[in-house]
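Line order of the protein sequences matches chains L and U. Taken in order, the first sequence gives residues 1 to 304; the numbers are from my numbering. Taken in order, the second sequence gives residues 1 to 521; the numbers are from my numbering.
Hints may be right or wrong, so weigh each one.
Cβ-Cβ distance ranges computed for the label pairs, FRET-style [to be verified]:
1. 65/U / 284/L: 47 to 57 Å
2. 221/U / 301/L: 43 to 53 Å
3. 379/U / 285/L: 35 to 45 Å
4. 285/L / 409/U: 29 to 39 Å
5. 140/U / 271/L: 21 to 31 Å
6. 311/U / 286/L: 17 to 27 Å
7. 99/L / 331/U: 42 to 52 Å
Okay, the calculated bits of chain L under chain U, using three or more residues with CB under 8 Å as the criterion [claimed, not checked]:
8. 15-29
9. 205-215
Only some residues are given here: those of chain U computed to face chain L with a beta carbon under 10 Å [what the hints assert, rightly or not]:
10. 82
11. 83
12. 112
13. 140
14. 141
15. 145
16. 223
17. 224
18. 226
19. 227
Everything labelled a hint here was simulated from the structure, so no lab data went into it. Note that CB positions come from ideal geometry on N, CA and C, so glycine has one too.
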Amino acid sequence: MLESILITIATAATPLLIAAMGELVVERSGVLNLGVEGMMIMGAITGFAVALTTGSVWLGVFAAILVGAAFALIFGFLTLSLVTNQVATGLALTLFGLGLSGMLGEGFVGRPGLRLGRIDIPFLSDLPFVGRLLFGQDPLFYVSLLLTAAVAYFLFATRAGLMLRAVGDNHTSAHAQGINVVAVRYLAVMFGGACAGLAGAYLSLVYTPQWVENMTAGRGWIALALVVFASWRPWRVVAGAYLFGGVTIGQLHAQALGVAIPSQLLSSLPYLATIAVLVIISRNRRLTMMNTPASLGRPFVPER
Amino acid sequence: MSATRENRAGNLLDVRGLTKLFGSLKACDGIDLTIDRGEIHALLGENGAGKSTFVKMLFGALEPAAGTIRWKGEEVRIASPGDARKLGIGMVFQHFSLFDALTAAENIMLSLDDPAPAGAVAARARALSEAYGLPLDPNAHVGDLSVGERQRIEIIRCLLQNPELIILDEPTSVLTPQEADRLFDTLARLKAEGRSILYISHRLEEVKRICDRATVLRQGRVIAHCDPRGETASSLARMMVGDEVQAVVREKPSAAREALLEVRALSRKAGHPFAVSLSDIDLAVHAGEVLGIAGVAGNGQGEFFEAVSGEVLQEKADAVRIRGKDAGRQDISGRRLMGAAFVPEERLGHAAAPLMTLSQNLLLSRCRTDARAFLSRLGVIRQGAVAKAAKRIADAMDVRKAGEDPEAAALSGGNLQKFVIGRELDRAPMVMVVNQPTWGVDAGAAARIRQALIDLAKGGSAVLVISQDLDELFEICDAIAVMHHGRLSAPIPISEATYEKVGLLMGGARPEAAEPVLEAV
């Protein structure tokens, strides 16, 4: 029982983690992309549709990544090249994605989809209790953790990561240092889009292998909030995503058991718990300020 | 002149006819300049003379509209700072281009083209910092460092690229006199190694002291090439301004009268990681007195100004007293109504809303104190009265502007500062607090502002001037106190104050410790 709950928690947390990790990189470069929800839902419909029509789940996953990145490219072109307002453009991207996915997905509603299977590592997955949990998950679960490690390594141990953080901290200085601010931001935004697309595919190919309109159900927004509350630090995003996933699943079970708490209150628990815990762990204001990208959301136009 | 031109081999840099247009404004208009190897070359000029535009073109941050740049005899096109660095041109910026959230070593790594491992960079940086006498902790976060320490990072970062030409933009404007001396030692060492330095400054005495040649710019054109050692400070100033700069006239300080502004045991915790906490500040400014607060930027001056002006309230009402009444719990409007006036450091965005017109800016700051003059009983704006007052201020302070009532952002720095100060003076305040009154303001406007402050004190008001510019404080103040790490020294009467004494306090020496050194000098 507990084991299966833990596994469902991981399934609930993984899409949040992937999408948030992408947005974390975007925001570290100083760009605020509020279009995560839109890119995610585009990933979800693309993944589902491509998997169903080609019969290959992996093809669906890669198509979702590409569409997510392509969607982000629209955002990048508007905000970085045409210097439109990032907040408005991000909101527009979300609305566009929700609408377009609904239209494209009309013919797929109610059709049974393909599911990305769990992998079974022989012997290890047979270990008692932790076996299934650690060694018998779906492949994207491992991808999400590798992604976190890779992002953390990239940001804090590589020169390219240092450049990205520099661009997010002070784009004017970065430009004066000879860093191509706009190029760095394009790459970051597209990485963010690819992650959001992948997170969307996770929803329609692993979490609930079917297509339902608006199936992201606000997860893009949760991912955005996680990034901020985690003070732009990768491993804290993991903590936040799992906490959120954990309370979500926990309150579902509590509702099923008929606990005498209004279901509305239970449904809001994940949000309250996540905010409370992340606020507490980021109470060190010094550290938080150090990690906050100072140029976040500020448009950059090189002087020429 | 022709001899220099033929002697190409000796010229490191040879710039001809460099021109840059911003719209119809010629920021740089056909500038010629040569720099020899092992030369410290001064670039002089007032604000807006085109110095920054010129060096930005040399450093590849701006693209010239016309003209040629020859580097070691060959014509080059410098399209980006990266190109400039590859040629061997390094730059230390005036407004530091460092990243607050990164460590010193990370900042240095970013400007290196070869992706060296962090450890090796830190070791090289340490070696350089020892060789040139520039102490530095590679693992410190830049946001925690003093301005002088940040400048050292900039210089080391520049030296790591082994440049042959180093451009220094107003390097001493943020340093204590002692720190500046140390910088001059470093520059002498660099020069001895055969490196060339393009030194931008408006401090004429130091240009005379360290520079071999000087090029003077005015309104985007070269006015003169000269040997600064053969000139006097006033002849250089004349070349820069094109006119005599009027000396400020100050009367003898009158006998101490009642204290109009008092600060008692003012303490304040740092509000954010890069802020300075204030501890136990005591201060009194008397009628007819100009009191100066010296100090290197970032030692709590901004926090102190916020507390005194009422942008931040105090816990104890008597921590700030204006004209004998407690003001600590009053906000800025309340303190203005008590007869005080405040001019913050940043004129655009703090003292004035950039996209609003001068008259609107006037109304914004004085709608409470001058409600009767500017507003009808129902709160409707009396446009005529406001416009008239704005014109009166502009005339009184000689604010040069295009059009009758332009947006604040359309004025040059000096002219906007004159307006902002004039806006407060127009009320004839009994207490005036100004933070960095002439920062980045050209010599003519600065003299006008300083004279206005002195005249205000002469009329019986108390004036408190916070400034980094020691020359300014010595020129206008009756006494100077020094702020260091959020603490304020006792004021030194101007008759006893010396640059050495004030400079040592700025560097953090205790008042007692400062005395014996003085005797030695």
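Now the hints, each set against the structure:
1. 65/U / 284/L: 47 to 57 Å: 50 Å, holds
2. 221/U / 301/L: 43 to 53 Å: This hint is violated: roughly 29 Å between Cβ atoms.
3. 379/U / 285/L: 35 to 45 Å: With Cβ atoms ~40 Å apart, the hint holds.
4. 285/L / 409/U: 29 to 39 Å: At 33 Å between Cβs, range holds.
5. 140/U / 271/L: 21 to 31 Å: 39 Å, violated
6. 311/U / 286/L: 17 to 27 Å: Given range 17 to 27 Å: holds, Cβ gap about 23 Å.
7. 99/L / 331/U: 42 to 52 Å: 48 Å, holds
8. 15-29: violated (count 0)
9. 205-215: With 0 residues closer than 8 Å to chain U, the segment 205-215 of chain L misses the three-residue bar; violated.
10. 82: 4 Å, holds
11. 83: 8 Å, holds
12. 112: 9 Å, holds
13. 140: 12 Å, violated
14. 141: 7 Å, holds
15. 145: 13 Å, violated
16. 223: Violated. Min distance 26 Å.
17. 224: 29 Å, violated
18. 226: 31 Å, violated
19. 227: With a minimum Cβ separation of about 32 Å from chain L (threshold 10 Å), the hint on residue 227/U is violated.
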